[in-house]
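Undergrad: The listed protein sequences correspond, in order, to chains A and B. Quick note: our numbering has the first sequence finishing at residue 189, numbered continuously throughout. Quick note: our numbering has the second sequence finishing at residue 546, numbered continuously throughout.
None of these hints come from the bench; they were simulated from the model. Glycine residues also receive a C-beta, built at the ideal position from the N, C-alpha and C atoms. Please note: incorrect hints may appear among the correct ones.
[Said to hold, decoys possible] Simulated coverage check for chain B against chain A, where a stretch passes if three residues somewhere in it have a Cβ under 8 Å from a Cβ of chain A:
id: 1; stretch: -7 to 7
id: 2; stretch: 64 to 75
id: 3; stretch: 275 to 287
[As the list claims (entries may be wrong)] Counterexamples of contact, computed for chain A against chain B with all Cβ distances above 10 Å:
id: 4; residue: SER43
id: 5; residue: GLY51
id: 6; residue: GLU84
id: 7; residue: LYS88
id: 8; residue: VAL141
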Amino acid sequence: MRHTIAVLVENEFGVLSRVVGLFSGRGFNIDSLTVAPTNDESLSRITLVTRGDEQIIEQITKQLNKLIDVIKVIDFEAENAIEREMVLVKVSAEDQSRAEVLRIADIFRAKVIDVTPKSYTLEATGTPAKVSAMVELLRPLGLKELVSTGPVVIGRGSKGWRG
Amino acid sequence: MKMSGARIVLECLKREGVDTIFGYPGGTVINLYDELFSFKEIRHILPRHEQAGVHAADGYARATGKVGVALATSGPGATNTITGIATAYMDSIPMVILTGQVPTALIGNDAFQEADIIGITRPCTKHNFLVKDVKELATIMKKAFYIARTGRPGPVLVDLPKDIQIAQCEFHYPETVDIRGYKPTVEGHPKQVEKAVAMIKEAKKPVIYVGGGVILGNAAEELTALARRLAIPVTTTLMGLGSFPEDDPQSLGLLGMHGTYYANMAVSNCDVLIAVGARFDDRVTGKIAAFAPHAKIVHIDVDPTSIKKNVRVDLPIVGDVREVLAQMLKMVKAQDTAAAKEKLSPWTAEIANWKEKHPISYRQTGSTIKPQYVIQRLRALSDPDAIVATDVGQHQMWTAQFFGFTSPRTLLSSGGLGTMGYGLPAAMGAQAAFPDRQVIVVCGDGGFQMNMQELATMVQNRLNVKIVILNNNFLGMVRQWQELFFDKRYSSTCLELPIDFIKLAEAFGATGLRATKVDEVDEVIRKGFETKGPVLMEFKVAREEKVLPMVPAGASLTEMVLAS
């Protein structure tokens, strides 16, 4: 099962390596990981996507909580969370495919952020499913480069993570 | 009052009640050593290798329950501490390790004797700190001790750059610390505790399985009281030995790979297994799918990650084991004992039958000394409160099987990491803590050679450890595996070179004694115990004796190779 987990950590040097080291040391998967400071400057927020059965996910959250610098771990359930990622895609666009790239971009509400006679670079934001659907449609046209932020996630409703 | 960072470190140690540290000087801790020169409240013991210094601090911590402290310089001094730190981490030993570091401005520069010890020790410490500002030093020291001894204890490393030791600052030691990401659970959830007691009372075939957490959590008294009040048989892991008196009829001794037949049978047939401060290590469970197959499992542990890590658990209780056991005791009345005994009598009889059928045994025939015999004679001839350290290997298992531990903190052994070379320095640390108690270390001839330089430390500091070497001239445990599973191909396990251990001891200024025949054993032990100063007693033992019973790796606990 795929899980998106938010980890609030002390905004200090070395904390990210504690989190990453935990995953590599214990053989847990990381599909993606993104990290940045939060509105509270003393905290950073890591969003990571991992996979595993119930027992593994339970171990992951417990092991994360055990780290001294981890303040809170939130294992989001899909229905209570809003997940978004952003991709930048450089795709070949020559002759007849130029129009096709733009059509796809339009359908997914992607922005053209760079253009050359041979390529378009698109920016798209959305759920991981939407973004990957777009990428799959662009793939046959010739993907030159793809960069993704990995998902970030926030809970639904009026309450912040502190409750 | 302003003082240097180096002085602040020592003042912090003093306020944490540290009376002894084990350390090795070097370029980046020279300022600390300069302060130490005139700081009389702390005894400094100089080992001959930093690894031994950390093991000694570990032995000190295990024997006393206090936080052990070791000190090393940067670079190679720091990297030499790793095995000691990893040993303590695996067995959850409260320790603070102080390392020197190159000056802050040089960090990352590949400076002389620089090592990224924070990066290196991240996976083998409970936490670590690099001090970047002398103003934070006192708070970091306070946090280090707090983290090391609370919750599931463990080693904490504090890396001290040289310029931080020199820098001056007002010293103020905080009374308390608050770490928002670290709040260990102490009390067990009352409903869970209630359910556990009900489940235990209903059990027809209960077994208590005790790990090192009961010793670390100072809960042996509560554990013993609860077990006796409910007449439940008790088996312990290597780390749990001493938490329940082995001379009690309810004791099943050790379980697992080299556990007793009856402990392994009891666990394999029980209907409720109460795990207390234990973590279901593979050496304990054998094949996990066949472990306690008929049992509902109650698991009490301070560390939530231990629960459901390896086995399914029916009733988890997170909390300090002593607190939780005390909570349980309140729900069990003294008058419950008679009823419990009555109800469990068929189970007790079944266990008694197993005990009779396959007691823990060996055969002493002829004049060649059997290693198990030496262990039994050590028990018979040593002080009742003697502390016994072991190294790792066959002798360690024989000590666990045959010594008969009756009180906590009397066995010091590297269980989780299985560190050869641990025993001698650990015994040294325990002797530093208890100069008037008898401290014995049982070693093999292999492990002894891994830290034998510490004979110098012992003689110099009057750490009068009684060293027992069970010499079979083999790396015996691996040899045993080669005999059983590799067709007797003894690849690199014969140590070949016969070392004169007596001369070796004498070269360091210690006493050396040797027994080669069984009728010399008592005399050597007696003389060794009577002789002042460190004594090395070498016993030439049966070379190919095996540790039995044995559950082959990956087999279930019922598939034991038994002593014939």
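Undergrad: Are the hints correct? Go through all of them and say.
TA: Against the structure, the hints:
no. : hint       : verdict
1   : -7 to 7    : violated (count 0)
2   : 64 to 75   : violated (count 0)
3   : 275 to 287 : holds (count 3)
4   : SER43      : violated, 7 Å
5   : GLY51      : violated, 5 Å
6   : GLU84      : violated, 6 Å
7   : LYS88      : violated, 4 Å
8   : VAL141     : holds, 42 Å
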